[in-house]
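Engineer: Using the sequences plus the hints, can you model the full thing?
The sequence shown: position 357 = 357 (the UniProt record's numbering), numbered continuously.
Some hints could be false.
As the list claims (entries may be wrong) - Here are the in silico distance ranges between beta carbons for each label pair:
no.	residue 1	residue 2	range
1	Leu87	Glu114	30 to 36 Å
2	Ala115	Ala47	34 to 40 Å
3	Glu114	Asp156	39 to 45 Å
4	Gly174	Val69	18 to 24 Å
If you are wondering where the hints come from, they were derived from the structure by calculation, not from laboratory data. For clarity, every value in this text was computed on a predicted model and none was experimentally measured. Note that the Cβ used here is the ideal one computed from N, Cα and C, for glycine as well.
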Amino acid sequence: MCWPEGMAPCCARWRDGGLRAFVAGGWRFVDPVLASVDCHVAGMAQAGWSALGAQGWLTGLMVLAVAGVGYRLALGHRLGLDGALGLVLRLGLVLALTTQWAAWEAVVYRMALEAPQDWALALMGEQAGGLVQRLDNLSSALSAWSAEGQAALPQDLREALRSTQEVMLAGALGALVAQRLVLGVLLGLGPVFAAGLLFAGTRGLVLGWLRAMLAGAVLPCVLVVELGVVEPLVAGLNTIDPAVAGAQVPMLQACVWGFGLALLLVAGGVGLAAMALRWPDSAHAPVPQIEAPAPQAPALSEHRIDRLVQAFTRSERAAVHGSRLAVLRRTDAAPHVLPLGQQARLMAPEPVLSASPPAASQTRQSRRSALAQHRDRKA
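Structural biologist: Structure representation (structure tokens):
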């Protein structure tokens, strides 16, 4: 099997030192065992990444994402600057993480596997030395105290220390191996979750994937706390009187068993977080669309309204004035002369704004009837 770059020495470390150390009774096999697990996890993650990232389905999804934006633009929707930049950044991130193993290994793989241990040690201000190295040192110290030739402690205390050592190693190795296996599966399926960034309805899958990976960072923190409590108790066995060691060993045994139970619960929580990857509820909801601006009716300004009112008033006034001139022409053409008072009434201007078209026609009809009566009297 072709291991990723930098992982072959880890596998050789297990073959050359880990098995021999375990057979020789040195109990320094935590580092080689985890190195072997890291080799297999790295190979599994790279194989899964290569199988999923090299397929054409990823290119098809990116084409669909860009085509969806283009289709909305063709329908008249607007795409803001933040939406365009977000699309470009998502496309670039997906391309970088799914086409270059070096980028995936540096950004995701190393950060997921190595950063939690270093972060936990730095956060708690622990002494120099890696987590795995300190586990090996503690295991060797417990092995020395529980050896058959150790005459400082009675037989029952040596048996208690041996069982404490076994519980501590089983809990620590089980937690670290479970963390690496879960992260290996998630990292191998990484291109699928990275492609979820392209669409709004599938980004919940990416959040679930990140949540499961962050949950794995809790296990090293629990182990660091356990080492901080157990190491002083083991170191205190060298300074106390063997006669009073009977009170120290049960305390050490209770601490190890308590942290073993805590590791079991935390490992179960990590597994539940990894199984919590489900289709998000937001995917069933309608995807928010960019609304096109509604067509607005041309608004009439106040100046234009005033001009229209003035034009209507002038046209109405001109119509009334034209009808009055027509009556005067017919009167001038008649062979009689109207009295001065009646002619003054005909020449008097009438209000235009209050007269409606039916009132104006009624006024003209009354004038015509008055003229007809005047002609009859003259005749």
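Engineer: Now tell me if each hint is right for this structure.
Structural biologist: Hint check results:
1. Leu87 x Glu114: 30 to 36 Å: holds, 32 Å
2. Ala115 x Ala47: 34 to 40 Å: violated, 23 Å
3. Glu114 x Asp156: 39 to 45 Å: Holds, at about 41 Å.
4. Gly174 x Val69: 18 to 24 Å: violated, 48 Å
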